[in-house]
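Chemist: Using the sequences provided together with the hints, build the complete structure.
This is what each chain is made of:
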Amino acid sequence: MARADAVAAAASSPDAALIAAWRSGDEQAAAELVRRHARALARFLASAGARDADVDDLVQETFIRAFRAVDRFRNQCQFRTWLLTIGGNVLKDASRRAKRALVVPLDDGLRATDGDPHERTVAVELEARLQQGLEQLPRMQREVFLLRAQQGMEYDDIAAALGTSPGAARVHYHHAAKRLKEHLK
Amino acid sequence: MNRDDLQDAELRAIAQGLGARAAERLDVEAAAQAVLERLRQTPRTVHWTRRRPVWLSLAAAAVLLLGTSAVLRNVRQHARPARGIGAPAGVDLNDLSPDQLREVLSTFDQSWEDAPGSADTDWEDLSAPELRSLLRSLEG
Numbered sequence: 001m002a003r004a005d006a007v008a009a010a011a012s013s014p015d016a017a018l019i020a021a022w023r024s025g026d027e028q029a030a031a032e033l034v035r036r037h038a039r040a041l042a043r044f045l046a047s048a049g050a051r052d053a054d055v056d057d058l059v060q061e062t063f064i065r066a067f068r069a070v071d072r073f074r075n076q077c078q079f080r081t082w083l084l085t086i087g088g089n090v091l092k093d094a095s096r097r098a099k100r101a102l103v104v105p106l107d108d109g110l111r112a113t114d115g116d117p118h119e120r121t122v123a124v125e126l127e128a129r130l131q132q133g134l135e136q137l138p139r140m141q142r143e144v145f146l147l148r149a150q151q152g153m154e155y156d157d158i159a160a161a162l163g164t165s166p167g168a169a170r171v172h173y174h175h176a177a178k179r180l181k182e183h184l185k
Numbered sequence: 001m002n003r004d005d006l007q008d009a010e011l012r013a014i015a016q017g018l019g020a021r022a023a024e025r026l027d028v029e030a031a032a033q034a035v036l037e038r039l040r041q042t043p044r045t046v047h048w049t050r051r052r053p054v055w056l057s058l059a060a061a062a063v064l065l066l067g068t069s070a071v072l073r074n075v076r077q078h079a080r081p082a083r084g085i086g087a088p089a090g091v092d093l094n095d096l097s098p099d100q101l102r103e104v105l106s107t108f109d110q111s112w113e114d115a116p117g118s119a120d121t122d123w124e125d126l127s128a129p130e131l132r133s134l135l136r137s138l139e140g
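Here the protein sequences line up with chains A and B, keeping their order. Read the first sequence against the numbering used here and you will find it ends at 185, with the numbers running on by one and no gaps. Read the second sequence against the numbering used here and you will find it ends at 140, with the numbers running on by one and no gaps.
Derived from the structure by calculation, the hints contain no laboratory data. Hints are supplied without guarantee of correctness; some may be wrong.
As the list claims (entries may be wrong) - Distance condition first, Cα-Cα at most 25 Å in a straight line; then the derived DMTMM-like pairs of lysine to aspartate or glutamate:
#: 1; chain 1: A; residue 1: Lys181; chain 2: A; residue 2: Glu154
#: 2; chain 1: A; residue 1: Lys181; chain 2: B; residue 2: Asp8
#: 3; chain 1: A; residue 1: Lys185; chain 2: B; residue 2: Glu124
#: 4; chain 1: A; residue 1: Lys181; chain 2: B; residue 2: Glu10
Modeler: Laid out in structure tokens, this is it:
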């Protein structure tokens, strides 16, 4: 019962309160932060080039790193933005270790049965091409694009998380979008 | 879709579809428990910076200062031109009696001991001219 109360209390707390609670050793606060941000992180990692089979491990590793380094988070940006940039580092390290091509297999998507099969096929094709285009971008452009276009983050927030200026983040986004549009033509 | 006219909004729409399957497949609760388990296995290291006590810094500075001044003093002493040994300034050796000459010599015991040929010479037995000659030789 006490655990259920703790879980309920954590679920209604803002990120900042959960982070403060975790800093003082509250495990439920950490678990709630995972529940809150794990799916967005998984989407970000998969879009940035992680293989589907690796996403689960990468999500865990990212949270571990984030919780261990939480003293360095000073609300300079949203927790999620900060977390996703750590995810980018985790993915980079993992792909460096694995030295393998990071591609998203198309067959899983093509097997999807929801919606019109033709539309679904076109959508999957576009996603696959966008994925390929993203993999060809410099890392900064790729992360800024995903944080902005996929996660809906503000430029100020993105800039704070990536250690750059909002103007530079905007430029990275526009370069990325231009190249991706060229790739999708 | 006319891909030549691909707009930002469309690009974003496609981007938002990326990774959807990976997100759907993720067992969030299992991930949360796995993360907690791993955090328990390797407790968070306390990040603290080793701060040097103020007294230690002050002591180190004092030692450095004393050491530097000692070295400087030593260097200055060695750099100073060697002063010859002789009678007090303004005193002519010719005006001194043998006892006074011996007294002057006795003030330079160390130099006398270091002087060449001093080991086998007892200056107490020397005559006044010999003492003057000795003092002049020590003056260089």
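Chemist: Now tell me if each hint is right for this structure.
Modeler: Each hint tested on the structure:
1. About 21 Å separates the Cα atoms of Lys181/A and Glu154/A, which keeps this hinted pair within 25 Å; it holds.
2. Annotation: proposed proximity of Lys181/A to Asp8/B holds, straight-line Cα distance about 9 Å (limit 25 Å).
3. For the hint pairing Lys185/A with Glu124/B, the CA-to-CA distance comes to about 115 Å; that exceeds 25 Å, so the pair is violated.
4. For the suggested pair Lys181/A and Glu10/B, the alpha carbons sit about 10 Å apart, so the restraint of at most 25 Å is met.
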